[in-house]
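Chemist: Chain residues, written in single-letter form:
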Amino acid sequence: MAVEPNKTLTRLDLRFGNIDWKKAMVKQYELEQDRRVWRIFLNGYAKNGFVVFDEETLPREELLKALEELEPEIKGERKLTVGELIESSYSWNNVLGQSG
Amino acid sequence: MAEVVGEVPSGEKEFAESTKRIRDIVEFPEISEEEFKEMLKTASRGYGGDLPHRTYSLCPETRRVVPALVWEKDGKVWITKKCPEGMITDLYYESVETYNRFKKWLWGRKELYSANVENSGVNCPFDCGMCARHRSHTNLLNIVLTNRCNLSCWYCFFYAKEGQPIYEPTLEQIRMMLRNAKKEYPIGANAVQFTGGEPTLRDDLIEILRMAKEEGYDHVQLNTDGIKLAFEPELVKKIREAGTNTLYLSYDGMTPQTNWKNHWEIPLIFENVRKAGGPGIVLVPTTIRNVNDHELGAIINFGLNHLDIVRGVNFQPLSQVGRVPKKERQRFRITIPGAIKRIEEQTNGVISMDDWYPIPIAGHIARFFEAFAGKRYYMTSHFACGAATYVFLDRENKRVVPIPRFIDVDGFVEFLDEKAEEIEQWGSMGKLKKLKLGAEIFLKFKSFYDEKYAPKGLDVLGLIKNAFVHGTYDALGKFHEKTLFIGMMHFMDEYNYDVERVERCVIHYAMPDGRIVPFCTFNVIPELYRDKVQAQFSYTWEEWKALHPDWEYKKDKYVRTKEFVEKMRNSEVYRRTYIDIVDYFGTKGV
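Quick mapping for you: the protein sequence lines, in order, are chains A and B. Counting with my numbering, you get residues 1 to 100 for the letters of the first sequence. Counting with my numbering, you get residues 1 to 590 for the letters of the second sequence.
The shape of chain B in the complex, shown without the other chains:
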C-alpha cells in the first residue's frame, strides 16, 4: 500500500489494509451451561492445579467477578465463564503441552510482606493495591510521565486529545512513587520503566531519569516510540548519560505497513544510539494474529543484525481491552504458545518451542542466589504470564544457538534448587564452605554443559566459574553483548482475565495517590485505576495552558512528510538497517 504521509501517524489505514486478508481464525469450542457447571464442580482449585482448573475472571459487560474454568480441548487451553449475559469462552493458551511444561516451574511462595492499602484482597481485583493478598514484589515499576503523545494511534483511548485534561505528575510525586516501590518489604523494586503517552515529550525527562538512579534503581528503562530520538541525537546522548539502561522501543514489524509507528525513523534512532554509545535497545512488537504474526522470525533476525545496540526482542501478544466482539477476538487473538510456534516455523526450527521457559523459573534460580550470596530478587509471576529464552550469535559460523541447545537448563535449575534447600538447612555458611560449594557447583555444571553445541567465542565455563567460585559477575556484560534476549509477555484483557494471574503480577504501576497496582488491573479496569486516578491528578486544559503559555498541542505531534519518507527510502542508512542484513535463519528464497 502507499505510505500514509503528511499527517500524524495513527495506523488506522494500515491496520485496515493488514486485516483485509485473513489467514486463519481461532474457532472457540462450544460448551453448554450444564457442561460448564459439571466441570466446575470437579475442577482443581488453588494455584497450579491440573486442568480443568477453577479460577475467577471478569465479566466484560457488568464487570462482575465470576467463576471461570480453565480447561483443555483439542490440545489447546480455553477459559470459559458464565457472565450475567451468557457464556463467554476465549483462548487461554494455544498448546496444553506448553501450559503443562511451564506449570512445572510455578512459584508458590509469597514474596511480598508490605501493602499500600487496607483492603484485604477479598474483592480482588477491585482491592488494588498492593493489598495484603498480593504475592509478588514489584519487578518492574511503571510510572506514567505524561498522557501527551506525538502519535495519534487509532485504538488508544489514553493519550490526551485537544482540549482534554493533561496528566503529568510533578517531580515530587515521581520521587514519592519511586521511593514507595523501592521500600516494598522485604524486597524493593529495582527496575523502573518511564512510560506515557510519550515520555520524551517531557522537558524535565533527564532530571527524572537521574532521580531514578538517585533513588537506587539499578535498571532504568524508557518506553518510547523513538520519534524524538530519531531527530535529536543530543537527547539520546543525554538520556544515556543520565543512566538509562534500556530503550523499550515500539517495533511492530518489518514493513511500513506493519510498523507504521516508526519504520522510517528506526534507522536514524539506531544511528543516534550507536553514536551515543547506548542505551541498549529492546524491540517491542505488539503481536497480532493475521496482522504481523508472519514477521516474528524476521524481527528476531533484524535484532540479531543489530546486536551491537539491540539487547532483546520482547513480544507482547495483543491484549484486547474493552468490549470486543467474538469475531474480532477470533481474528486477532494470539497467545504465548502460538507466537513461539510461529517463531519456530519462521526460524526454520533454530528457535524451537522447547527453547522457551516461563518467567517464574527465575524464582528457583533466585532462591539459590539468596541462599548462596544473600541477594534477593524474585521474578515470580504466574507461569502463564510470560516466557523467555536467550540466543547466542556465533558470527564466525553465522549460527544462532539458543541456550538450551548446550545447557541442560531443567537439570541445572533442579540442581540449584536442591543446593538451595541444602544451604537453607545449614543455617549459616562460612567463607570456606561457600568456596567449596562454589567449586562443587562449577564442577557439576560441566555435566549440564555440552561444549560441542556451544557457540564459539563464548567462554561459558569461565563465566560460571567467575560467578560461583569468585562471586564476580563482570563477565555477564560480555555475555549480554553476544546474546539476544527474546521474551514474551501476554498482558490480559477482560476475555482471558484470570485473577490467579493478577495476584502474582510482577509488573506494576505506581499511582500518585500512593497505591501500586498490577499492570492488568491498571489497564483492564481503567475506570477504577488508570483513568480515574489520573483524572483526579490531572490539570484541566486551561490550567495546563496557563502553566505553559508557550505550549501548543500541535507542536507535540509528529507529522511524517512525503519528503522525509523519500529521503529515507533512498538513504544509505536505510539500506544498512533493513536491506544489507544477514539472513541467520536461512529463510530467504525458501
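Same shape as in the complex, but just chain A:
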C-alpha cells in the first residue's frame, strides 16, 4: 500500500471573498484532480469550504495560490492522519437524523 494510515495531512477551513457556485465548482474540480488533495469542498453559496491535503508534497503556498482568485481567508487549520480521515468517513459516524 502506497499510503500509511498514520501519514499526516493538513486541513484548512476557508472563507472566500469572491466566489459563486460556478467558480466554486470549477475550482473544486481543478484541485480535486490533484492526488495531493485528499478532500475538498468549496461552497459557492455559503462562501466557505475546506481542503484536506498532503502538505509534505503540496506546499500550502501553492494551494493558496491556486485558490487566490476566490480570495481565501484561513479560518482554521488542523492536522489529521489518513487513518483519522478514513474513520471520519464511516457511515456510522455520519448519521444525519431519523428517517421518515
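Don't read these hints as lab results, they were simulated from the structure. Certain hints may be false.
[To be verified] Per label pair, the in silico range of CB-to-CB distance:
(1) E35/B <-> E73/A: 43 to 49 Å
(2) K23/A <-> E527/B: 17 to 23 Å
(3) P67/B <-> R35/A: 27 to 33 Å
(4) E214/B <-> Q33/A: 35 to 41 Å
(5) W541/B <-> T57/A: 19 to 25 Å
(6) K23/A <-> T170/B: 35 to 41 Å
(7) N18/A <-> T170/B: 41 to 47 Å
(8) Q33/A <-> G75/B: 36 to 42 Å
(9) E30/A <-> S571/B: 55 to 61 Å
(10) L80/A <-> R376/B: 31 to 37 Å
(11) Q33/A <-> E12/B: 28 to 34 Å
Note that this is a predicted model, so its numbers are computed, not measured. Note that CB positions come from ideal geometry on N, CA and C, so glycine has one too.
Let chain A serve as the given structure and place chain B on it in line with the hints.
Modeler: Using the frame of chain A, we list chain B on its own:
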C-alpha cells in the same frame, strides 16, 4: 472471420470486423441555441417532471456541469446541453412511450440518512460520496479487488499494463469497505459484487468471499470473465462453498466474434459450475448497436437452455466513456427501449416491450413489505436507469411466458401501494390483524392472476399464499429455478449524463479512503474517483515485485491457443452447450 489465437485476447480485430458492416445509425436531431434556450425556460424542473425537462449534465471536454434539456422529438427522447465548446445532443431513450410508462413508477422519497463526506452535494457530481444529498442507499456494493487482468481488452484503460502500479486493497481495507456500506443508515447494503480487473487472480479470493458473508452480506457476487473457472474446477467449488451466490459472467454474444472474451471457455465454465452445484450464473452482455444487438434474443434463448445454472441475463447498453466523436456515438449508441425493442423482434413477440418494468417499481413493493413484515430494502434508482422482467419456462409445452402475461403487475403493485398506505396509518399491527390482511391480499391476488396463461408446473398461488399468509419465502427458491431474470442496466457516459440519475444511483463503489461513490461518477469521472484514489492506494511496480518475488506479469495473462480452440470446436461439451439447444422463440429458419 478466422479466430484470433496464440495471443492474449484483446478483441481489437474482432471489433474492427464487426463494425465493417453498419446496419443503422442514430440521426441526432438538430436544435439551435435559441431553441434550446427557449425550451429550457419553460421546461419542467424537479425529478419526474414532464418533457421537456431541465436537468444538469457534464461537458465531455471541460468537465463543467451544465444545464441540460431532456426532450422529445419523433417519438424518441434526447438530451441536449450547451457546453463551452458548443451544443451537444445525444440519445437518451429510444421510445418516449417507454420513458413515460417507466416514469409512472418513479420513487421520490429519500432513503439514505447517513453520509461519508462533509460535502453537501451542491457541487454534484464532484461532491461524492455519499453526500447528504444522495437519495438511495447502496443496493449493490462494488469492491475492486485488483487492477490485474488476464485479458487485454483494447478499450480498457483500467487494467495494469506491464510496469504500471498495481491496485490491490488489503484484507483489512476490504473489511472496512464492506462494513462501511453495511452500516449505511437506516438501511445498509446487503449485496456485494467483487470486481476488477479480474478478481479471480487474487490468491486470497476465497478468504474475501467468506469475509463478505461474515460481514452479513446475503448476496455475494463475483464479476468475472470466467477464464480461470474454465480450467480450475476446484476453484469453482471453493467459490461456491465460500458462499458466493452469483457469477456475474461476461457474455457478449453467440459467436467467437461477438463474444471473443470467453466463447470457447464458456462450455467448460458451465460444466464446472454444474459439477460444483453452483454458484448461479448471470450472463452479462455489453450491448452495442451494430455489433451484437442482433443477438439479444439468441442470448436469452441460450440462457433458457441452461436454466439449471443460468439465473439471469443482464444486458448493459454500452456506456461510451471518454471523448467519443459524434459519428461513433451514432453508430454504437443503444438505449434501454432500443434493446428491449430488439428483444421483442428477436423473440417473435414472446418477450414484448410491455413486459418490462423499471427498477423503482421495486420501491413500491418494498414499501408494502416494510409496512407488512418490517423488512426494509429499497431499490429506488432513477426510473430511466434500468428495467427488468422475469420469464417462466414451461418445458412441457416449450413455451416461454413473461410474468405480465398472467399477472396484472400494474394492478397488483397499485393494490400493494394502497395497502401499504392503509397499514402505515394504523400505527401498529397485531398478529391477528396481520393474518387477516395476509388472507385478504391472497384472495385479492386471484383477481390479478390469470391461470389460463400461467405456465404449467408452477404453483403461483401457493407461493403467494406462503408469502402473505404464512410469511415463508422458501417457495421463492423453486420460483427462481424455473424462471430467468432478464435485466437491463444502462450506465451513463459524459454524453447522456443526467445528474438527477446520479443522485438516485443504487450501484456504488466503496473506496479505500472511506468514501462510497455512485457507479456513474466512479467510472465517468475517473480523474476524481476511480483512477485518482486507486493511484493513491496503489503499489508501485517495484513495491509489488518486492512483495511478490515469484509473481510474473505474463503469468497473469491468458493465451488462447489454436490447439485449445480446435479441441473445443470438436468437443461434445461444446456441441451440448451451443448447438444441441432448443429454439424457444421459433426464430430458426424464419
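Chemist: All the hints need checking, so say for each whether the structure fits it.
Modeler: To see whether the hints hold, each was checked on the structure:
{"no.": "1", "hint": "E35/B <-> E73/A: 43 to 49 Å", "verdict": "holds (44 Å)"}
{"no.": "2", "hint": "K23/A <-> E527/B: 17 to 23 Å", "verdict": "holds (20 Å)"}
{"no.": "3", "hint": "P67/B <-> R35/A: 27 to 33 Å", "verdict": "holds (31 Å)"}
{"no.": "4", "hint": "E214/B <-> Q33/A: 35 to 41 Å", "verdict": "holds (37 Å)"}
{"no.": "5", "hint": "W541/B <-> T57/A: 19 to 25 Å", "verdict": "holds (20 Å)"}
{"no.": "6", "hint": "K23/A <-> T170/B: 35 to 41 Å", "verdict": "holds (39 Å)"}
{"no.": "7", "hint": "N18/A <-> T170/B: 41 to 47 Å", "verdict": "holds (44 Å)"}
{"no.": "8", "hint": "Q33/A <-> G75/B: 36 to 42 Å", "verdict": "holds (40 Å)"}
{"no.": "9", "hint": "E30/A <-> S571/B: 55 to 61 Å", "verdict": "holds (57 Å)"}
{"no.": "10", "hint": "L80/A <-> R376/B: 31 to 37 Å", "verdict": "holds (34 Å)"}
{"no.": "11", "hint": "Q33/A <-> E12/B: 28 to 34 Å", "verdict": "holds (29 Å)"}
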